[in-house]
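Sequence order for the protein chains is A and B.
Residue numbers for the first sequence follow the working numbering, beginning at 1 and rising by one.
Residue numbers for the second sequence follow the working numbering, beginning at 1 and rising by one.
Keep in mind the hints are simulated off the structure, nothing from the lab.
Keep in mind it's a predicted model, so treat the numbers as computed, not measured.
Glycine included, C-beta positions come from ideal geometry on N, C-alpha and C.
A couple of the hints might just be wrong.
Unchecked claim - Below, simulated SDA-like cross-link-like pairs (lysine to any residue); rule was C-alpha separation at most 20 Å, straight line:
1) Lys213(A) <-> Arg90(B)
2) Lys115(B) <-> Val51(B)
3) Lys218(A) <-> Pro84(B)
4) Lys218(A) <-> Asn87(B)
5) Lys472(A) <-> Gly8(B)
6) Lys617(A) <-> Asp644(A)
7) Lys213(A) <-> Pro84(B)
8) Lys158(A) <-> Gly172(A)
9) Lys213(A) <-> Lys115(B)
10) Lys218(A) <-> Lys115(B)
11) Lys597(A) <-> Glu464(A)
12) Lys226(A) <-> Gly31(B)
Claimed, not checked - Facing chain A, according to a computed beta carbon distance under 10 Å, are these residues of chain B, among others:
13) Asn15
14) Cys44
15) Asp80
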Amino acid sequence: MSNGPASHSHTLLSVSRREFLAGLSAGSLVLMARSVSGQSVQVVRPDQTEAETFDPDLFVSVSPDSTVTILAHRSEMGTGIRTALPRIVADELEADWDRVVIRQAIADKRLGSQNTDGSNSVRHFFTRMRIAGATTRTMLEQAAAQQWGVPPEECHGKNHAVVHTDSGLRLGYGDLVAVARTLDVPDAKSLTMKSPDEWKYIGKDAPITDMDKILTGKAIYGIDAKLDNQLYAVIARPPVVGGKVKQFDAADAMSIAGVSEIVEVPGFSGAPAFQPLGGIAVCATSTWAAIQGRDALKIEWEDGPNGTYDSTEYSSKLAASANRPGEVVRNAGDVSGPLSGDAVFSADYTAPHLAHAPMEPPAAVADVQTDASGRIRSCVVTAATQTPQSVQRTVAGALGLKPEEVIVNVTLLGAGFGRKSKPDYCVEAALLSKNLGRPVHVLWTREDDIQHDYYHAVSHIHSEAALNDKGKVVAWLQRVAYPPIMSTFDVRARRPPPTAVENGAKDVPFDIPNILIESCDAEARTRIGWYRSVQHVHQNFANSSFADELAHQSGRDPLEFLLDLLGDDRHIDLKAANLRNRGASHTDYPYDVGRLKSVTRRCAEQAKWDRRRSMPKGRGLGIACCRSFVGYTCHVVEVEVGKDGKIQIPDVWLALDVGVVVSPDRVRAQAEGGAIFAATHALHGKITFTNGRADQSNFDDYPAVRMDDGPQKIHVELVDSDAAPSGVGETTVPSFAPALCNAIFSATGQRIRNLPILDHDLSWT
Amino acid sequence: MRILRVNGQTHSVENVSEETPLLWVLRDHLGLTGTKYGCGISECGACTVHVDGEPVQACVTELGYVGVSEVTTIEGLSEDGTHPVQNAWREHNVPQCGYCQAGQIMMAVSLLRSKPNPTDEDINADMWNICRCGTYPRIRAAIHAAAKEMEQ
Chain A
1 MSNGPASHSH TLLSVSRREF LAGLSAGSLV LMARSVSGQS VQVVRPDQTE
51 AETFDPDLFV SVSPDSTVTI LAHRSEMGTG IRTALPRIVA DELEADWDRV
101 VIRQAIADKR LGSQNTDGSN SVRHFFTRMR IAGATTRTML EQAAAQQWGV
151 PPEECHGKNH AVVHTDSGLR LGYGDLVAVA RTLDVPDAKS LTMKSPDEWK
201 YIGKDAPITD MDKILTGKAI YGIDAKLDNQ LYAVIARPPV VGGKVKQFDA
251 ADAMSIAGVS EIVEVPGFSG APAFQPLGGI AVCATSTWAA IQGRDALKIE
301 WEDGPNGTYD STEYSSKLAA SANRPGEVVR NAGDVSGPLS GDAVFSADYT
351 APHLAHAPME PPAAVADVQT DASGRIRSCV VTAATQTPQS VQRTVAGALG
401 LKPEEVIVNV TLLGAGFGRK SKPDYCVEAA LLSKNLGRPV HVLWTREDDI
451 QHDYYHAVSH IHSEAALNDK GKVVAWLQRV AYPPIMSTFD VRARRPPPTA
501 VENGAKDVPF DIPNILIESC DAEARTRIGW YRSVQHVHQN FANSSFADEL
551 AHQSGRDPLE FLLDLLGDDR HIDLKAANLR NRGASHTDYP YDVGRLKSVT
601 RRCAEQAKWD RRRSMPKGRG LGIACCRSFV GYTCHVVEVE VGKDGKIQIP
651 DVWLALDVGV VVSPDRVRAQ AEGGAIFAAT HALHGKITFT NGRADQSNFD
701 DYPAVRMDDG PQKIHVELVD SDAAPSGVGE TTVPSFAPAL CNAIFSATGQ
751 RIRNLPILDH DLSWT
Chain B
1 MRILRVNGQT HSVENVSEET PLLWVLRDHL GLTGTKYGCG ISECGACTVH
51 VDGEPVQACV TELGYVGVSE VTTIEGLSED GTHPVQNAWR EHNVPQCGYC
101 QAGQIMMAVS LLRSKPNPTD EDINADMWNI CRCGTYPRIR AAIHAAAKEM
151 EQ
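Please build the complete structure, drawing on both the sequences and the hints.
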């Protein structure tokens, strides 16, 4: 232990106060977003601090007045993560939650990945947050021990103070700051963590930290971020991906009151990646003026090769591709024998493109700063983004800056669902600010959002199975075709790399001796992107629908059949099947079929599955289960389908095993929301293209489930588990849609193999 | 210059045509950003505010229609965020991302004015706002709770 000045070079976790403040600087966001007159964006302001704080870890700062400031580095888009991760720190630190201040981090790669995507936040940062808290607590305990001249083992951090057990001596955390600052940061391996039975915040509910601001309209989202002297921009983008402006006439647009500048945004060449789509930006003194100005633009477009993209024609091509042998990504046993027998069943499942449609469309404000010679020196971006580091890299690339010269503030996100992990809209704002020499706020209208998304891929899955004379499935073949996400970054990509064909296809958990999974070619004709639960959307729809079809083929109860199909409780050999397991450790996150069966049984029990036998025609129950993002779910959906085909979903049950849970109420909220999100794409979701243009444009023709047509009651059964925490947000989505389709079959005898459901006439007699 | 009554205060706005949707006047000219844009065509309800106590979608409500009527936005619903509907929202942890909630709350306040004891069917009929996070079950529960609180 050193008595010298605060040392900054001992461990990886140690940083200087200056760096820490840089990390905390997004705290100035609210101030900035409120556009205090005359105040320019000053993000890093170490000189303005008053207190000598104790900053033992990038994520934590304790001030002499006992305020504990915790950095939230992942984006808040509705999961509650801005509360959950700081709660883990506070728990291990033994901080009093009422004296904790949460600050949103700017983009800073030292914090680890900030890409709030892949349902990774708790899974990847649970331990890191505990280390941050335990480091701080341990050093405060050491500081107290030093002050009292007692062994540190006798000092314990408890509720924002260190207490000496025998003497009853007590010092508040703030009073220990001066001494704690002088101590060495201990190695993470030397820390003693609290045991789970000592946790006081992990596993206990608390209101989300932004609750009051949300309820009073004071919460700041990307659309609300505002800088002095900013212009409001909307952009007319090429209606076809890869299209260009041939010519345009801006005279009428310029005549609209409030329109100040019209700027051509260059299009991209090669793969779209995160580059702007190009087009004509109308920059004005208000959003409405910009929208009117855009309406008044006269633009002639050059569509380029994607101008022939037609969804009807494409569906036939995709079907043909999925019905030809593709690249083998998993081959166990030999399907050829059984699949040439008599008891072979096959079915093809299709699902269309989907748009993310978060309630807040993409929005960002950028301020490019130049020096006296006009050279670009820096850029500050404030955005609703899931991925500030990607914003930083991409904007830096577009402006010719170093990443560290781009400061990225993260606002609250009016949801994301994967859309806001693509920073193209931030690049648009940065390029416009560079061009105009003043801050520019870019807003995507809803039409922009629906028509220029990074869409969930259109898909076609051909499935075949062979049953033996005992009704057991002995062979399973799937040929899967969808334009891969990789096509957004590599124009040559025609199918996902073999490692990416997990998410339900390659890692199908069924206990079948002969399995063949093939990945088939599909050319992307628009931008393809990840969307909440990604390939599981179509893959679990196919898998769980097909399992249900096989159950009915063999005249068995779908639940019993499904449990048999899952086979014995066991861990799937991930290594032998060459599965990536989403990068998760095979030891901490085995593919545990027992847990999948367990949620399936529990869900069926909750739903009183046996009722299905006595249900009248028009009412039905359907079941589906899924392991996704290393968590386990089962949905049972109850439907009522009127003779006129009108469908109602009175009840949904969901059993969920996601390991250790930090915020039970938020996990339940994600589960409720997951069912409703999935109900939207199962019932309504469909983006189609004609002449390369998206046919849909707003919630009138791309409907979302509302209060009256979605699930009316959602019953969430959250399994108590001490397993390592898995994903949640995406985990709650995949099994809903097939459970709903299976319920419709049970109610009406009509099998839905092509989503969305409401494309079909469900009426019956 | 034009006079506008919002949340009990008189504002003057300049260089705004009478055709301008109230939404953008509130947000861009008055800095009242609690009212959100979601669709611009009155399909999602995120911009719901009250004009003389009646719910309207600010994205399609022209300034000229508002005249000198009293506009109430989420910022003016209560002084300290303790309107019974706000309390019920807090109690039921309704918000996820929170973006649509101002519109949901303003719509729920209107619903409870016209139907102090709404049934589930009443709620389904009146609460047509879109929430992509899927907070509908909580909204329903919170409306029932607020109805109870307001009854007392």
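Hints versus structure:
For a cut-off of 20 Å, the pair hint linking Lys213(A) to Arg90(B) stands: about 11 Å separates their Cα positions. The suggested pairing of Lys115(B) with Val51(B) holds, with an alpha-carbon distance near 18 Å, which does not exceed 20 Å. Annotation: proposed proximity of Lys218(A) to Pro84(B) holds, straight-line Cα distance about 18 Å (limit 20 Å). Taking the CA atoms of Lys218(A) and Asn87(B), the gap is about 16 Å. The hint holds against a cut of 20 Å.
Proposed proximity of Lys472(A) and Gly8(B) is contradicted: the alpha carbons are some 71 Å apart, above 20 Å. Distance hint between Lys617(A) and Asp644(A) is fulfilled; the C-alpha atoms sit about 13 Å from each other, no more than 20 Å. Pair hint Lys213(A) plus Pro84(B) holds up; C-alpha atoms about 16 Å apart against a cutoff of 20 Å. Taken as a hint, the Lys158(A) and Gly172(A) pair is honoured in the structure, with Cα atoms around 9 Å apart against an allowance of 20 Å.
Our distance criterion of 20 Å between C-alpha atoms is broken by Lys213(A) and Lys115(B), whose separation comes to about 28 Å. Using a Cα cut-off of 20 Å, the hinted pair Lys218(A) and Lys115(B) is violated, with the two alpha carbons roughly 28 Å apart. Of the pairs offered as hints, the one joining Lys597(A) and Glu464(A) is violated, with about 23 Å between alpha carbons and a cut-off of 20 Å exceeded. Under the criterion of a C-alpha separation no larger than 20 Å, the hint pairing Lys226(A) with Gly31(B) is consistent with the structure, at around 9 Å.
Of the supplied interface hints, the one on Asn15(B) holds, with its beta-carbon coming within about 7 Å of a beta-carbon of chain A, less than 10 Å. Here the hint on Cys44(B) is kept, as its CB sits about 5 Å from the closest CB of chain A, short of 10 Å. Here the hint on Asp80(B) is kept, as its CB sits about 8 Å from the closest CB of chain A, short of 10 Å.
Checked against the numbered hints given earlier, this structure breaks hints 5, 9, 10, 11; the rest are met.
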